[in-house]
Amino acid sequence: MTLAPELSAALVERLTAFADDELVLGHHQAGWTGHAPLLEEDIAIANVAQDEIGHAVAWLELRAALDGSDPDRLVFFRAASDYRSAWLSEQPRGDWAFTMLRQYLFDAYEAELLARLSASSYRPLADTAAKVAREELFHLRHSRLWVERLAHGTDESRDRLVSAVAVAWPLMAQLLAPLPQDAALEAAGITYSSRDLEESVVAATSAELVRHGFALPPFAPVPAGDPRALRTEHLAPTLLVMQSVARSDADAQAW
Amino acid sequence: MTVDGQLPRWEVFKQDASSKAHAAVGSVHAADAEHALLMARSVFARRPSAVSLWLAPRWAVHEFTREQLAEALATPGTQLAAPMRYRVFIKSSDRRSMAAYEHRGEVVASGTSAALRAATPDELPLGMWLVEDAAVIASAPADAEAWFAPASDKRYKQQSEYAVSVKRHPATREGT
Numbered sequence: 037m038t039l040a041p042e043l044s045a046a047l048v049e050r051l052t053a054f055a056d057d058e059l060v061l062g063h064h065q066a067g068w069t070g071h072a073p074l075l076e077e078d079i080a081i082a083n084v085a086q087d088e089i090g091h092a093v094a095w096l097e098l099r100a101a102l103d104g105s106d107p108d109r110l111v112f113f114r115a116a117s118d119y120r121s122a123w124l125s126e127q128p129r130g131d132w133a134f135t136m137l138r139q140y141l142f143d144a145y146e147a148e149l150l151a152r153l154s155a156s157s158y159r160p161l162a163d164t165a166a167k168v169a170r171e172e173l174f175h176l177r178h179s180r181l182w183v184e185r186l187a188h189g190t191d192e193s194r195d196r197l198v199s200a201v202a203v204a205w206p207l208m209a210q211l212l213a214p215l216p217q218d219a220a221l222e223a224a225g226i227t228y229s230s231r232d233l234e235e236s237v238v239a240a241t242s243a244e245l246v247r248h249g250f251a252l253p254p255f256a257p258v259p260a261g262d263p264r265a266l267r268t269e270h271l272a273p274t275l276l277v278m279q280s281v282a283r284s285d286a287d288a289q290a291w
Numbered sequence: 100m101t102v103d104g105q106l107p108r109w110e111v112f113k114q115d116a117s118s119k120a121h122a123a124v125g126s127v128h129a130a131d132a133e134h135a136l137l138m139a140r141s142v143f144a145r146r147p148s149a150v151s152l153w154l155a156p157r158w159a160v161h162e163f164t165r166e167q168l169a170e171a172l173a174t175p176g177t178q179l180a181a182p183m184r185y186r187v188f189i190k191s192s193d194r195r196s197m198a199a200y201e202h203r204g205e206v207v208a209s210g211t212s213a214a215l216r217a218a219t220p221d222e223l224p225l226g227m228w229l230v231e232d233a234a235v236i237a238s239a240p241a242d243a244e245a246w247f248a249p250a251s252d253k254r255y256k257q258q259s260e261y262a263v264s265v266k267r268h269p270a271t272r273e274g275t
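Residue numbers (my numbering), protein chains in the order written: chain R, 37 to 291; chain Z, 100 to 275.
Treat the hints as calculated values from the structure; they're not laboratory data.
As the structure is a prediction and not an experimental result, all values here were calculated from the model.
We put the beta carbon where it would ideally sit given N, CA and C, even for glycine.
Don't take every hint at face value.
Unchecked claim - Dumping the calculated DSSO-like pairs for lysine-lysine here, alpha-carbon to alpha-carbon at most 27 Å:
{"id": "1", "chain 1": "Z", "residue 1": "Lys253", "chain 2": "R", "residue 2": "Lys167"}
{"id": "2", "chain 1": "Z", "residue 1": "Lys256", "chain 2": "R", "residue 2": "Lys167"}
{"id": "3", "chain 1": "Z", "residue 1": "Lys119", "chain 2": "Z", "residue 2": "Lys253"}
As the list claims (entries may be wrong) - Residues from chain R that keep clear of chain Z, each with C-beta distances beyond 10 Å, as calculated:
{"id": "4", "residue": "His63"}
{"id": "5", "residue": "Ala66"}
{"id": "6", "residue": "Ala100"}
{"id": "7", "residue": "Ala101"}
{"id": "8", "residue": "Asp103"}
{"id": "9", "residue": "Arg129"}
{"id": "10", "residue": "Phe134"}
{"id": "11", "residue": "Gln217"}
{"id": "12", "residue": "Ala220"}
{"id": "13", "residue": "Val237"}
{"id": "14", "residue": "Pro257"}
{"id": "15", "residue": "Val258"}
{"id": "16", "residue": "Ala286"}
Please model the entire structure based on the sequences and the hints provided.
Have a look at this one:
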């Protein structure tokens with residue numbers, strides 16, 4: 037299945053954003069390995085991190101089929117300024133409450149997103165989305181469980197969750213904002229209605245958080261034009277760590 | 100959470116295929132039943148193969164060694180408790196690949212001593228677990244697609260798949 041050049045270019049942008057969201061989030065969650073509050077959660081969060089990074093690979097392989105790019109080169113040798121990740125993904129790891137709240141917001145977003153992408157007119161995208169959606173169902177159940185328990189746990193767990201909501205919730209606006217090229221993809225039936233996606237995600241997540249008694253702060257303003265033109269200050273130091281091994285020997289045959 | 104800071108322990112039983120019996124694979128610590136199920140999936144079913152999980156809180160698992168079984172069978176039983184259903188798990192071998200407690204069926208009895216009388220085979224097994232049926236929680240059949248199916252599509256690399264040649268640094272040889 038071949039796409040018209042302008043649609044192909046638009047889809048490359050979209051897939052890169054999907055991949056970078058998952059890759060950067062997965063990298064942050066992987067930082068819990070050996071540090072999670074329970075041995076079982078240590079394994080569980082490492083699974084989640086691996087899944088998210090695996091999903092990033094899946095999106096980058098779809099991109100590779102369109103433009104011949106090399107997923108490993110994109111991940112390990114791209115400058116922070118060329119990443120397209122959402123601000124929500126770029127936030128530092130934080131405490132367990134922030135970790136689980138961010139994961140919940142991302143999982144709830146992905147549940148709505150992947151259901152729509154599974155109906156894409158671009159078959160490879162629909163197939164990948166259907167595959168990824170299965171694992172995300174488990175992620176969502178896990179992160180939602182923690183949000184509920186931390187919300188009704190102790191004073192400390194609730195306070196920590198309140199602080200996490202204050203940081204994470206406003207950033208949902210930028211995560212959900214369409215890229216400039218998305219309208220063309222939407223018109224071609226390759227992607228979903230961005231407005232409909234945003235409404236569904238906000239409805240589902242705000243209902244869940246309000247159910248637990250949280251007051252939601254306003255959304256952060258989204259830059260006009262390209263909402264993902266700018267990175268947060270957190271990404272460059274994150275990539276410095278993530279890319280250091282690959283960059284130490286760019287020609288290594290195995291690592 | 101208990102006073103010593105430990106979350107309650109749950110025994111995990113995994114079924115590898117619908118034709119096989121559930122077998123004990125280990126335990127998890129978790130805050131409640133739902134948390135325990137999710138932890139069991141993460142810890143024991145991340146890789147192939149699994150089709151179903153059962154979990155039981157530790158307090159609902161009654162363990163008997165072969166010696167305890169022999170002694171209990173030789174002692175007249177008392178039947179004070181109300182009848183309840185137990186799931187019976189038997190350990191029949193010490194061989195490492197077969198050492199797990201495997202589900203062999205159910206028994207309804209008034210108390211564990213009556214239950215083990217009813218459930219013990221003629222040839223004494225190496226051990227028996229009686230698990231209170233009412234306390235057992237299970238993964239839902241509808242969850243199998245999200246919990247267990249993805250693992251079967253994945254390629255898990257063994258160490259040997261990485262073409263890494265290990266060369267010792269001279270300093271490490273002289274070190275000790």
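A quick look at each hint next to the structure:
no.	hint	result
1	Lys253(Z) <-> Lys167(R)	holds, 11 Å
2	Lys256(Z) <-> Lys167(R)	holds, 20 Å
3	Lys119(Z) <-> Lys253(Z)	holds, 22 Å
4	His63	holds, 19 Å
5	Ala66	holds, 15 Å
6	Ala100	holds, 18 Å
7	Ala101	holds, 19 Å
8	Asp103	holds, 25 Å
9	Arg129	holds, 19 Å
10	Phe134	holds, 19 Å
11	Gln217	holds, 31 Å
12	Ala220	holds, 32 Å
13	Val237	holds, 19 Å
14	Pro257	holds, 36 Å
15	Val258	holds, 32 Å
16	Ala286	holds, 17 Å
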